Structures are given as C-alpha cells and as structure tokens.
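Chains as they are written, first to last, in our numbering: chain A, 1 to 339; chain B, 1001 to 1267.
Simulated from the structure, these hints should not be mistaken for laboratory data. A few of these clues could be false.
What the simulated footprint calls covered on chain B by chain A, stretch by stretch (three residues with Cβ under 8 Å from a Cβ of chain A suffice, anywhere in the stretch; the number is not a length) [said to hold, decoys possible]: (1) 1078-1087; (2) 1249-1256.
Listed next, the stretches of chain B that the computed footprint assigns to chain A, with coverage defined by at least 3 CB atoms under 8 Å from CB atoms of chain A [claimed, not checked]: (3) 1106-1118; (4) 1154-1160; (5) 1226-1234.
Computed spacing ranges between beta-carbons, pair by pair [unchecked claim]: (6) B/H1062 - A/T167: 54 to 62 Å; (7) A/T279 - B/H1062: 17 to 25 Å; (8) A/D50 - B/Y1171: 40 to 48 Å; (9) B/F1149 - A/T276: 33 to 41 Å.
Because the structure is a prediction, the values reported are computed rather than measured. Idealized CB from N, CA, C, for every residue including glycine.
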Amino acid sequence: MDTENKLLKKASLQKLIEKLNADGKKILAPVIKGKRVEFGLITSSDQMADDYIVTNQSVKSVAFPKFEKLFSYEVTKEGITQADTGYSTFPEFVILGARPCDANALGSIGAIFNWDYHDKLYFDRLEKTTMISTSCSKCDDYCFCTSAGGHPGSTKGSDIQLTRLETGDYFAEILTEKGKKLTSVSPDLFETAPSVDKSKYLAEVPVKFKVDEAVAKVKTVFENELWLDQSLRCIGCGACAFVCPTCACFDIQDETKGKNGIRLRCWDSCGLSLFTLHTSGHNPREVQSQRWRQRIMHKFAYMPERQNVTGCVGCGRCSRACPVDMNIMEHLINIVEVK
Amino acid sequence: MLEIKQKARELLESGKAQVVIGYGKGPNNTTRAIFVRKPEDADKLVLDDTCVQNLALYIYKHEVRHFGKEAVVATLPVLRSLLQLASENQVKDNEIIAIAITPDNKVVELDSFAAIEEHVRLFNTGLTEDEKDLLKKINAMGLEERWAFWNKEFSKCIKCYACRQSCPMCYCPRCAAEVNQPQWIPVAAHQHGNIEWHIMRAMHLAGRCINCGDCARACPVDIPLNLLTYNLIEELNNEFKYTAGLSASQTYVLSTWKLEDKETFIR
Ligand code: SF4
Ligand code: SF4
Ligand code: SF4
Ligand code: SF4
Chain A
1 MDTENKLLKK
11 ASLQKLIEKL
21 NADGKKILAP
31 VIKGKRVEFG
41 LITSSDQMAD
51 DYIVTNQSVK
61 SVAFPKFEKL
71 FSYEVTKEGI
81 TQADTGYSTF
91 PEFVILGARP
101 CDANALGSIG
111 AIFNWDYHDK
121 LYFDRLEKTT
131 MISTSCSKCD
141 DYCFCTSAGG
151 HPGSTKGSDI
161 QLTRLETGDY
171 FAEILTEKGK
181 KLTSVSPDLF
191 ETAPSVDKSK
201 YLAEVPVKFK
211 VDEAVAKVKT
221 VFENELWLDQ
231 SLRCIGCGAC
241 AFVCPTCACF
251 DIQDETKGKN
261 GIRLRCWDSC
271 GLSLFTLHTS
281 GHNPREVQSQ
291 RWRQRIMHKF
301 AYMPERQNVT
311 GCVGCGRCSR
321 ACPVDMNIME
331 HLINIVEVK
Chain B
1001 MLEIKQKARE
1011 LLESGKAQVV
1021 IGYGKGPNNT
1031 TRAIFVRKPE
1041 DADKLVLDDT
1051 CVQNLALYIY
1061 KHEVRHFGKE
1071 AVVATLPVLR
1081 SLLQLASENQ
1091 VKDNEIIAIA
1101 ITPDNKVVEL
1111 DSFAAIEEHV
1121 RLFNTGLTED
1131 EKDLLKKINA
1141 MGLEERWAFW
1151 NKEFSKCIKC
1161 YACRQSCPMC
1171 YCPRCAAEVN
1181 QPQWIPVAAH
1191 QHGNIEWHIM
1201 RAMHLAGRCI
1211 NCGDCARACP
1221 VDIPLNLLTY
1231 NLIEELNNEF
1241 KYTAGLSASQ
1251 TYVLSTWKLE
1261 DKETFIR
C-alpha cells in the first residue's frame, strides 16, 4: 500500500495507548530499568523511556522468546499424544518505539525461520504483532546501521513509523495494511500531516564500510590470522548472541515429569564451546577463534548467500553488551581492510 | 605505566616470556585485555583505574597458552586468582610471571607462588565497606523478602553464561549446567532453571571466589550475582577463618575436615 503521512499529536499518543489497551492489546515499549532500557508493558506514554539510543536487549523476544514451549506430550498405553502450543494463546502485541534496526532485524530472523521450514510459532506470533517504530534522532559510537544496509529513518519492517518533531508531536508514516488497521481504532487521532522534511530529524550515522564490500570480503578471508587476533580476549559466552536482534540459534530441550512432558526451544549461541560438540567427542569448532569466525561468517557470508539478507543490522548491541569489549564494527572494518 | 611497558618489553626481548597479557585501549576509549607478543607492542599497555577485568582466566585459554610462556599484568584480584588456581592444581609454580605493583607503586616481577603470597599479604583482602553495606542490606531482609528479591533478579537472567565465562574459577570444560546425563539443571531460562543455575553457581564458588566482581560486571542484565558469593566469603570467614586466594597450598575448606572446625551449623 502507499504510505500515508499523518500527524499524531503528543496528547493523542496517550489516547492511542489507552484505546489499544482497552482493545485488549498489550503494548511493549522501551522503559527504564535501573541502568538499562528494556522493552516492558506500558499503559501510559509517560512510562516510556525518552532519552536512549537502543534498548539493551532487542525486541526479538516478542516473536522468539528466550525459551518457549513447542508442544506438550503424554505417553499413554496407546502411544504418544501431543498438544500443540496454539496460535490462539498468543497475545496481540503492539510494539511502540522499537528502533528501525530492530524492526528490520525481525525480517532477518524471519528469513531463517522460513528457509527450509516455515516456523509457524515465529510467524504466528509476528502476525499478532504490530510494529510502530520510532526513527533515531541520536546515535552513539557503537551504531553502524548505515554500514549494514539500514539507516536511522528506515521503514523496513515497520507498520507505522513515528518521527518526533520539535513540538513533541509525531510525524506518522502509515506503511502497511496492519498499520492502517491499527489507526482505525481511532482515526481522528491521526490528523492531516504538515509537509515535513524527515531527514532533518534523523541522526547522522557515519558510514564505516559498504555492506556489499563486507559481504564480498568476508568470503575471502576464511583462512586468516585475523580471527585469532580479534578473538583472543573473547571469553565465549552468549551475551552477544542473546542481545542480538538477528541471532536465531536455539537448542531443543525436553522437560518431563512422569508420563508428561513438554518440548522447549531455548536460545543458544555459536560462541559457546559446546555448541558444535558432537556425541563422539569431536568438536569441529574447537577453539574460540573458530567460533568467532562463525559468528561473522554466518552474518556476512552464509545468510547473504542462503537467505539473501545480512544477519546484522548494525545496532551495536553485541559490542555494548560484550563483557570484554569485542567491537563488531571495529572487527568488520579490519576485515574490509584486508589486502 | 611507563615501568609496566618497560618490564613487558624486557620480558619479551629476553625471551623470558612469549606473551604479556595486559590491558590496552579499544576504539571508544574503552579498556580491554590485550596480548602483547612483540617487544615493540609493549607501548600499547596501559594501567589505570579502568583496568578492572580479571585477566587470570586467559592464562589457561588454549590459544593464549599456545604462544608459550605467559606473563600477566596482575592486579590484586589476578594475583589472588592465580593462588586460588594454584591451590586447585590448575597452574604450576614458576609457570606464569606476574607483573605486579607494590603498594608504593613499584613494578615487581613475581615468578613463584611464594613471591605472590608474600606480595598479596601487603594488601587488604577483605570485603570493602561498600560491599559489606550491600550485604547488610540484603541480609536485613526477611526470608520471604530476600527470596522475592532474588527471584525478581533471577527472572531477568537470559542464561548467557557471561558470569561463568568471565570467572577464572569457572574453568570446568563441561559446566554442571551443561551436563545432560543426568540433567541437573534445566537449560531453559525459566524461573526454575534460573534459580537452580544460580544456586549451583554460588555453591560451586563457595570458598573459591576471590571477590573480583567480574561475574556481576559481565552480566548484560545487571544481576548483582556477586553478592551471593560475597556472602559465602563472609560466612566461611566467620565459620572457618578461611579466605580463598591467599595461599597456593591451602586445601579447600569445604572438602576438608579439621578437628577444630565448628559444628554449630549442624542442628
Ligand atoms: S551482530 Fe551485533 S551489531 Fe549486528 S545486529 Fe547483532 S547485535 Fe546488532
Ligand atoms: S564476543 Fe563478547 S559477548 Fe560474544 S562470546 Fe565473545 S566475550 Fe561473549
Ligand atoms: S564468582 Fe565472580 S567475584 Fe568471585 S571470582 Fe568468580 S567472577 Fe570473581
Ligand atoms: S551473566 Fe547474567 S544473564 Fe548471563 S547467565 Fe549470568 S546471571 Fe544470567
């Protein structure tokens, strides 16, 4: 559909939140939690964090939670009966205030979850989610969306995007049918938009490298000592993958009690040493440098090749969360500069 | 700082060490671990208040060990970790060179456990007043309140294991959290899985934690999980006059029995 531009006044945002809540929708927005900013349920606009770059953790858990029940089962005399986790049990979410990189990233995970198998749970949850992103007026030294195919006002993956104007009101771009449907709960809140030069309100995120250049280069450096140099300080945890909006690896676990059980999927990370350990005892990625290489290769070589998307949106979260200051942007610059 | 650089260069030039593990700077003026292998790179070393990461865990990292003889820029927590690791037979005497700073700011080279033990005695190794205050606050809560406090904190845990990976004393090649035959700890980061993980982690570090604070600093969701191990430091101190990381030869308090051990806790 063609984008419709509207004006959402500051006071109207509050009314919209109330309407959506009354409509039974859960609203997830960035809220301050101690020193962090995380997505949390809100019922009023003043609960929303105001001054932040990105949330510490990404928005992915709305469709790909840290653990989730795939199905439950019971062993009976007749055999095994199985009960699916139903679509109907998923709540309807409105995400309010995700950054453009986050909105974009859900598409990257979607590309994985729709590659050789259509992951119904992921897409069912996503279908019940409406994405209202807010464009970025600020960035920090860790942001590099403009080197990863995005930009601070990118509307990819958003149903509606809000850009805050000097007045505190929002310039609202209604981008999809889903976005339009959301506005229909209270059409009068969305007023005629003045003509707005959106770019004036956007952060300037310096371009550090061209994404195509990185993709082309990564393929050629599989055997290179830079992986070892970069990863000597990496301690092999899951922090980078778990805060990353595009990391999609998971581990399958059964939890049983007597004859009943549930099957779960839980976040997993290629940075952890047991990730590729075979039952035989052999581990094809024996040392951290191989695991670090896998992280970069998956995002910049394998995903572009297989799913035609990059596995990194340049949000910088992994670098901010890393306990030992592994900085993905710096490392990618090193890679692009290999002669 | 200059002296640290000189010492590192000297060690590398003379061939006494093949790698110096120390602190350097990252692009956003961050402080990070660096691994100096050429004498001319010794200039990259820094040492200031931001150098808080406990570098002891790198001495047994496969790729670092592979370089040859290791020297490490050793703050007090690093030295204590080395002693603790020594008492657990994870490092051998004279295997590592510690580049340490005396209380009057002189750089010294410590190449034996005896020298490290002596050096550590020059410092206060108890909990700081701030740490004690925090513990007091938590311990002043009633049982139910404390349980609620920790449950709320643990509910944030995403099981990324950054706490474990950052701890020099968590060197098991296969953590109990990852043993699956039988499965002791549920893998999922649900309430039950998180509580069991944290109780297990704290208990496995009881009397081994040297109070560097890295686990809490590493946690991406800011769980103050070092308070659990601090509390155990206090208890072991009170009950058994035992402190980890002060001697390379002390036997582990929870696996040894002494005639003079108090038994008041058995009721
Ligand atoms: S790899 Fe890092 S910068 Fe890229 S999307 Fe993931 S968290 Fe963001
Ligand atoms: S890069 Fe950082 S966050 Fe990622 S595994 Fe290594 S130490 Fe952990
Ligand atoms: S448990 Fe935490 S504070 Fe104690 S030694 Fe390990 S990382 Fe340091
Ligand atoms: S670092 Fe924090 S989130 Fe990660 S496993 Fe430890 S307590 Fe949980």
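We went through each hint and held it up to the structure:
1. For the region 1078-1087 of chain B, the stated coverage by chain A is not satisfied: 0 residues place a CB nearer than 8 Å to a CB of that chain, which falls below the threshold of 3.
2. Evaluation of the coverage hint for the region 1249-1256 of chain B: breached, as 0 residues show C-beta separations to chain A shorter than 8 Å, against a requirement of three.
3. Counting residues of the region 1106-1118 of chain B whose C-beta sits closer than 8 Å to any C-beta of chain A gives 0, which falls short of three, so the coverage hint is violated.
4. Coverage of the region 1154-1160 of chain B by chain A holds [criterion: at least 3 residues with CB-CB distance below 8 Å; count 3].
5. Only residues whose C-beta sits within less than 8 Å of a C-beta in chain A count toward coverage, and the region 1226-1234 of chain B has 0 of them, not enough to reach three; the restraint is violated.
6. Remark: the range hint 54 to 62 Å for B/H1062 to A/T167 is upheld by a beta-carbon distance near 58 Å.
7. For the pair A/T279 and B/H1062, the supplied restraint of 17 to 25 Å holds, since their beta-carbon distance comes to about 22 Å.
8. In this structure, A/D50 and B/Y1171 meet the distance hint of 40 to 48 Å, their C-beta atoms being roughly 44 Å apart.
9. Checked against the hint of 33 to 41 Å, the pair B/F1149 and A/T276 passes, with Cβ atoms roughly 38 Å apart.
The structure shown violates the earlier hints numbered 1, 2, 3 and 5.
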